[in-house]
Amino acid sequence: MPFLSLPGFDLDATLDAGQTFAWERRADGSWQGFAGDQPCIVAARPGGVDVLHGPVDAVRRYFFHTGPEGERLLDALPPDPAVQRALAACRGLRLIQDPWWPCTASFICSSLKPIPHIRQLHWRLRRAWAAPGADFPDLPFPSPAQVASAGEQALRRLGLGFRARHLHAAASVLAEGRWDFSRLQGLPTEEAARQLRSLPGVGDKIAHCILLYAGGRLDAFPLDVWMIRIMQRHYRKPGRRLRRPADLHRFAARHLGPLRGLAQLYLFHHARMEKTRPDQDDKSGQGKAISPWSAPLLPPGNRPRSAVA
DNA sequence: ACCCAGGGGCAAG
DNA sequence: CTTGCCCATGGG
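Position 130, counted from 1, in the first sequence is what my numbering calls 147; the numbers after and before it change by one each time, with no gaps.
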């Protein structure tokens with residue numbers, strides 16, 4: 018069986034960092050999923066991965082930030098203390114490259130969902146269009162035309178909730194050819210994000226996710242609740258505002274530079290690991306609740322209803 | 001019974 | 001250009 022040498026690579030961190038949802042962990046610890054449109058099974062080994070199924074070249078292209086070039090990018094990350102701490106803790110985490118449409122569809126499903134749920138929805142979409150009785154590896158991601166013709170109600174039955182309307186509308190726009198990912202070619206990231214936002218269900222955060230995880234644009238900077246907390250915690254100064262997305266984008270561009278999307282990957286994953294890592298002093302193994310973020314910043318939709326009538 | 005989750009869209013202010 | 005509210009679902 019083919020062994021792919023990827024020194025320093027952390028397969029688990031890479032596939033569980035919320036950048037892709039196209040991989041599922043198997044009982045034996047290996048991962049089954051899709052490198053581009055190629056079904057693959059990969060297993061972590063010292064110094065690289067075993068490719069138990071699928072073409073090695075597709076796996077190599079998928080983990081495109083491995084190797085000496087990837088290492089050089091890590092060395093070029095900004096000398097910011099928080100970034101460097103996160104990098105030191107998650108050095109083996111690498112950027113992946115997903116296909117446009119599955120990435121877009123997954124992140125349209127991601128609104129107000131924890132990462133395991135997003136993965137679950139992604140695979141429900143695959144299995145919903147599989148032949149009767151079929152399972153991996155025969156689970157191609159349904160095309161925009163397939164999703165569009167299924168109808169919104171069918172998507173709701175898969176558990177998409179209010180995201181069903183968005184996904185159906187976005188699939189319809191793509192299926193009818195009223196929009197195409199080739200429009201992003203050559204556009205600056207900011208302008209490409211604006212183009213992506215014309216898709217239903219794609220706002221600023223998801224547009225940047227798509228540009229980073231499908232487009233490989235290292236200056237795309239997804240601003241989710243985690244990133245807002247992290248930046249408040251580390252970068253807020255008494256005088257400055259640093260709350261509105263525009264301010265956060267501006268600060269990130271100036272302070273974290275052209276690799277800010279990559280820096281975001283490490284900050285995000287590191288913070289998420291800190292939250293769930295079992296506390297050594299906690300015998301119950303529940304893990305400590307959360308490090309004391311100075312400003313929790315509840316998402317608007319979940320803000321408690323005012324007690325006063 | 002709560003609480004929250006890698007948001008987006010829309011109507012008001 | 002901001003703020004407030006709604007949108008459904010599942011797991012802790």
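These are calculated hints, taken from the structure and not from any lab test. All residues carry an ideal CB built from backbone N, CA and C; glycine is no exception. Heads up, some of the hints might be wrong.
With a straight-line Cα cutoff of 30 Å, these simulated BS3-like cross-link-like pairs (lysine-lysine) come out [unchecked claim]: (1) LYS222 with LYS254; (2) LYS130 with LYS222; (3) LYS222 with LYS292; (4) LYS292 with LYS130.
Per label pair, the in silico range of CB-to-CB distance [to be verified]: (5) ALA192 with SER22: 32 to 42 Å; (6) ARG253 with ASP152: 43 to 53 Å; (7) ARG43 with ARG267: 41 to 51 Å; (8) ALA192 with ARG257: 23 to 33 Å; (9) ARG108 with GLN202: 16 to 26 Å; (10) ASP67 with ARG102: 44 to 54 Å; (11) ARG174 with SER128: 17 to 27 Å; (12) PRO275 with ALA171: 17 to 27 Å; (13) SER160 with GLY256: 16 to 26 Å; (14) ALA162 with ARG102: 16 to 26 Å; (15) GLY84 with PRO275: 41 to 51 Å; (16) GLN55 with ALA162: 32 to 42 Å.
Hint by hint, here is what the structure shows:
For the suggested pair LYS222 and LYS254, the alpha carbons sit about 24 Å apart, so the restraint of at most 30 Å is met. Annotation: proposed proximity of LYS130 to LYS222 holds, straight-line Cα distance about 14 Å (limit 30 Å). Between LYS222 and LYS292 the CA atoms are separated by roughly 22 Å; this keeps the pair inside 30 Å, and the hint holds. Between LYS292 and LYS130 the alpha-carbon distance is near 17 Å, which keeps this suggested pair within the 30 Å criterion.
The supplied range of 32 to 42 Å is met by ALA192 and SER22, whose beta-carbon atoms lie about 41 Å from each other. For the hinted restraint 43 to 53 Å between ARG253 and ASP152, the CB-CB distance of approximately 48 Å keeps it satisfied. Separated by about 43 Å at the C-beta atoms, ARG43 and ARG267 satisfy the suggested range of 41 to 51 Å. Look at ALA192 against ARG257: about 45 Å separates their beta carbons, and that is not inside 23 to 33 Å.
Take ARG108 and GLN202: their Cβ atoms lie about 33 Å apart, and the range 16 to 26 Å is violated. As the Cβ distance of ASP67 to ARG102 is approximately 31 Å, the hint placing it in 44 to 54 Å is violated. About 18 Å separates the C-beta atoms of ARG174 and SER128, a value consistent with the hinted range of 17 to 27 Å. Distance hint check for PRO275 and ALA171: the Cβ-Cβ separation is about 42 Å, which falls outside the suggested range of 17 to 27 Å.
Taking 16 to 26 Å as the suggested C-beta distance range, the pair SER160 and GLY256 does not conform, at roughly 51 Å. At roughly 46 Å, the beta carbons of ALA162 and ARG102 sit outside the given window of 16 to 26 Å. Between GLY84 and PRO275 the beta carbon distance is about 20 Å. The supplied range of 41 to 51 Å is therefore violated. Checked against the given bound of 32 to 42 Å, the beta carbons of GLN55 and ALA162, roughly 21 Å apart, lie outside it.
Hint compliance for this structure: hints 8, 9, 10, 12, 13, 14, 15, 16 are broken, all remaining hints hold.
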